[in-house]
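Student: Given next are the chains, with one letter for each unit.
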Amino acid sequence: MSNIPEYNSITAIVIGCSVGGLNALRILLQGLPRNLPVPIIINAHVAADGTNLLPHLLANQCCLPVTEAREREPILPGRVYIAPPNYHLLVEIDKHFALSVDEHVCYVRPSIDVLFTTAAEAYREHLLGILLTGANNDGTQGMHTIKALGGQTIVQDPTTAEADIMPKAVIAMGVADRILPLSGIANTLREIATLYDT
Amino acid sequence: MEIKCPTSNLQDKLRIECIEINLFLEALYQRHGYDFHHYAKASIKRRIQALAKAYEYTNIADLIPRILHDETFLTATIARLSVPVTEMFRDPSVFKALRELVLPHLCSYHRLQIWQAGCSTGEEVYSLAILLEEAGLLKRTQIYATDINDIALHQAEDGIFPIAQLKRYERNYMAAGGKRKFSDYYITNEKFFRINQDLRKHIVFAHHNLVSDGVFCEVQLVLCRNVLIYFDTNLQRRVLNLFHTSLARQGYLCLGTHESLRAIETANLFKIVDFKNMIFRNNCETI
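Residue numbers (numbering that gives the first Met the number 0), protein chains in the order written: chain A, 0 to 197; chain B, 0 to 286.
Hints may be right or wrong, so weigh each one.
Stated by the list, open to error - Dumping the calculated DSBU-like pairs for lysine-lysine here, alpha-carbon to alpha-carbon at most 35 angstroms: (1) K52/B / K166/B; (2) K52/B / K167/A; (3) K178/B / K166/B; (4) K167/A / K12/B; (5) K12/B / K146/A; (6) K138/B / K95/B; (7) K275/B / K94/A; (8) K178/B / K275/B; (9) K146/A / K52/B; (10) K94/A / K12/B.
Hints in this document: simulated from the structure, not taken from any laboratory.
Use the sequences and the hints to build the structure in full.
Tutor: Okay, structure coming up:
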């Protein structure tokens, strides 16, 4: 069993990051075990007009399949999904992806708040939300919703983050269950994988 | 189709909101005939929440008496439920592909008819008109640009856009293989730029609802980008059939770059021309 009993019932993980996110994601995904029993859904702010290199860059770091989330695609365990550039990524109640080109939220699209809020409503207490380095307030509302619906939250320790505005905002709101450096978050992810081995 | 309501006792607020959304959509449908039941749930929910917030209602249920009794509220509601967000030459590679792969085939027609379904505030239809002009086709083309959002249609018809967007649009235009100066196509003042009358006169803007309205003419190209992502699979299928029937033999269909192919695969109505840019050709064998 896990040291943190709440993680026993986690069935999905969402990760949000902005400035400095690529390096942070590399570190987190490097150590992921092949048998991760839950999906990881990532929303990283990237340039809107460039092609999305993120799935390719991260796939090299990770033994799990990393792909851009596609509209209407069912969300499967053991997969890493990345929000496509210039679309909001949403999770439907029946655990499929949906996309939208609605207005920017917190000046960005894809917005972490949109992903986290809809994922929280779909997965409820079974969701783990992780917010990493970033330089705006996107994600704060989403983390709040995850907490309010009984899910778990982890925030990257702002002193270890390339940009500390995003993690600090969540901590200030009082919705961070745990504040950890990247190595600690990576350990947690491995721990969640081992929960299902026994 | 009902929105499935979660059952957990702890989540009363969400459960109630779910009921409210169903009731509101039903009121909108029964009172005005606009059927949003087959829109993708997560997005329509966010839009209804935004509508309630914009009118400072605490609960979504407060929208129900308003939509039932206030005639003037319908237009604003439709505008909010079909939030128009677009730009000129959005995804330049798509417009480049239309220029290189599609327009050369349309040259053989003496009269061209083109339909943009879901034209929103018009940025894409004017981009298309510029492509046609540069291919020497605009003079013999009639473009129909349709939407359910009357407020957006009026803006589209005016062809007036904020000057703050101009730089980005110009970059997009160049990336889409623009052959002239982008400034050839508009006039400006301090805050806005307006698309030239020469382009605007070839476009008819009209109200059309993809959920309930049918075929209105035969066209050689249908442009419908980032509209189907808001529909559920059944509604997608209906709309793809509508496009199939509206298109001439060998006519072209252009969808948004991130739209699901599932409905199209099932329907077998179209052949792939350019997968990356989501350009298809009508499969006339099934006609």
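Student: Confirm or reject each hint.
Tutor: Verification of the hints:
1. K52/B / K166/B: holds (33 angstroms)
2. K52/B / K167/A: Holds: K52/B and K167/A sit about 28 angstroms apart, inside 35 angstroms.
3. K178/B / K166/B: Holds, because 17 angstroms separates the two Cα atoms, which is no more than 35 angstroms.
4. K167/A / K12/B: Holds. K167/A to K12/B sits at ~28 angstroms (cutoff 35 angstroms).
5. K12/B / K146/A: The given pair, whose Cα atoms are some 14 angstroms apart, holds under the 35 angstroms limit.
6. K138/B / K95/B: holds (20 angstroms)
7. K275/B / K94/A: holds (26 angstroms)
8. K178/B / K275/B: Given pair K178/B, K275/B holds - Cα atoms ~23 angstroms apart, limit 35 angstroms.
9. K146/A / K52/B: The given pair, whose Cα atoms are some 23 angstroms apart, holds under the 35 angstroms limit.
10. K94/A / K12/B: Satisfied, since the Cα-Cα distance of roughly 20 angstroms is no more than 35 angstroms.
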